[in-house]
Amino acid sequence: ETGVTQTPRHLVMGMTNKKSLKCEQHLGHNAMYWYKQSAKKPLELMFVYNFKEQTENNSVPSRFSPECPNSSHLFLHLHTLQPEDSALYLCASSQGATGIGTGAGTQYFGPGTRLTVL
Amino acid sequence: GEDVEQSLFLSVREGDSSVINCTYTDSSSTYLYWYKQEPGAGLQLLTYIFSNMDMKQDQRLTVLLNKKDKHLSLRIADTQTGDSAIYFCAEMTRNNDMRFGAGTRLTVKP
Chain E
1 ETGVTQTPRH LVMGMTNKKS LKCEQHLGHN AMYWYKQSAK KPLELMFVYN FKEQTENNSV
61 PSRFSPECPN SSHLFLHLHT LQPEDSALYL CASSQGATGI GTGAGTQYFG PGTRLTVL
Chain Z
119 GEDVEQSLFL SVREGDSSVI NCTYTDSSST YLYWYKQEPG AGLQLLTYIF SNMDMKQDQR
179 LTVLLNKKDK HLSLRIADTQ TGDSAIYFCA EMTRNNDMRF GAGTRLTVKP
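Just so you know, the sequences run in chain order E and Z. With the numbering used here as the guide, the letters of the first sequence map in order to residues 1 to 118. With the numbering used here as the guide, the letters of the second sequence map in order to residues 119 to 228.
If we strip away everything but chain E, and leave its shape as in the complex, we get:
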């Protein structure tokens, strides 16, 4: 148990559906991240939020829409996805990007949501 939870753990959706992934961290952290992990590919960083502000968006298609209402919660809203979007979506949190060499960026991961798009 890392203190980062994700729901649902598994999701199957059609290409025309709208769904949301939820992440919650109980570590008092200020930064949260979404990653995509596809089979046989490296981890892909999708979005970064620091103190509720989005600080990174790695050219992610607009069919993925993140939302960070507070430092403890992060959502990923999904609509009109493609079959190639099927993957494990991982959420992580860290203390926040302050202080060089403090280790404040050490990331703790949730268990992931296994998404299948039909």
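Just so you know, these hints were derived from the structure itself, not from any lab. Some hints could be false.
[Stated by the list, open to error] One-sided excerpt, in silico: chain Z residues whose CB lies under 8 Å from chain E:
#, residue
1, Tyr-149
2, Ala-159
3, Gly-160
4, Leu-161
5, Gln-162
6, Leu-163
7, Met-210
8, Asn-214
9, Asp-215
10, Met-216
11, Phe-218
12, Ala-220
[As the list claims (entries may be wrong)] Here are the computed distance ranges between Cβ atoms for each label pair:
#, chain 1, residue 1, chain 2, residue 2, range
13, Z, Lys-185, E, Thr-80, 43 to 53 Å
14, E, Leu-118, Z, Met-171, 47 to 57 Å
15, E, Ser-65, Z, Asp-172, 43 to 53 Å
16, E, Pro-61, Z, Arg-131, 36 to 46 Å
Given the structure is predicted, the values throughout are model-derived calculations rather than measurements. Here a beta-carbon is modelled for each residue, glycine too, at the ideal position from N, C-alpha and C.
With chain E's structure known, arrange chain Z on it following the hints.
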């Protein structure tokens, strides 16, 4: 190089030692990490080492850091079947960004 690099696969026999190697990119990286991912799960922080150290031991795990060559290794002594997983190497840059390798799949045979 631009990427954190690791071998994709390693297979060992139960009871042997496993050594997983990694080459990272930034000589000014402050922390180096090993994460473990079991099937169907997220990444679990296994251990980390601060860049001013060259070795860290934690029970069956030994981390070695060669800053000159930007080389990190993880040695697992007396490897068990429960150690079968994907192991990710990661570095933290000076501005607290983390970069991950592609992961090494460790298979432990009985």
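Comparing the hints with the structure gives:
1. Tyr-149: Holds. Min distance 5 Å.
2. Ala-159: Hint holds; Ala-159/Z Cβ to chain E Cβ min 6 Å, cut 8 Å.
3. Gly-160: holds, 4 Å
4. Leu-161: Since chain E brings a Cβ to about 4 Å from Leu-161/Z, closer than 8 Å, the hint holds.
5. Gln-162: holds, 7 Å
6. Leu-163: With a closest approach of 6 Å, the Leu-163/Z hint holds.
7. Met-210: holds, 5 Å
8. Asn-214: holds, 3 Å
9. Asp-215: holds, 7 Å
10. Met-216: holds, 6 Å
11. Phe-218: holds, 5 Å
12. Ala-220: This hint holds: Ala-220/Z lies near chain E, its Cβ roughly 4 Å from the closest one there, short of 8 Å.
13. Lys-185/Z / Thr-80/E: 43 to 53 Å: The hint (43 to 53 Å, Cβ to Cβ) holds, given that Lys-185/Z and Thr-80/E are roughly 47 Å apart.
14. Leu-118/E / Met-171/Z: 47 to 57 Å: holds, 49 Å
15. Ser-65/E / Asp-172/Z: 43 to 53 Å: holds, 45 Å
16. Pro-61/E / Arg-131/Z: 36 to 46 Å: Distance hint for Pro-61/E, Arg-131/Z holds at roughly 45 Å.
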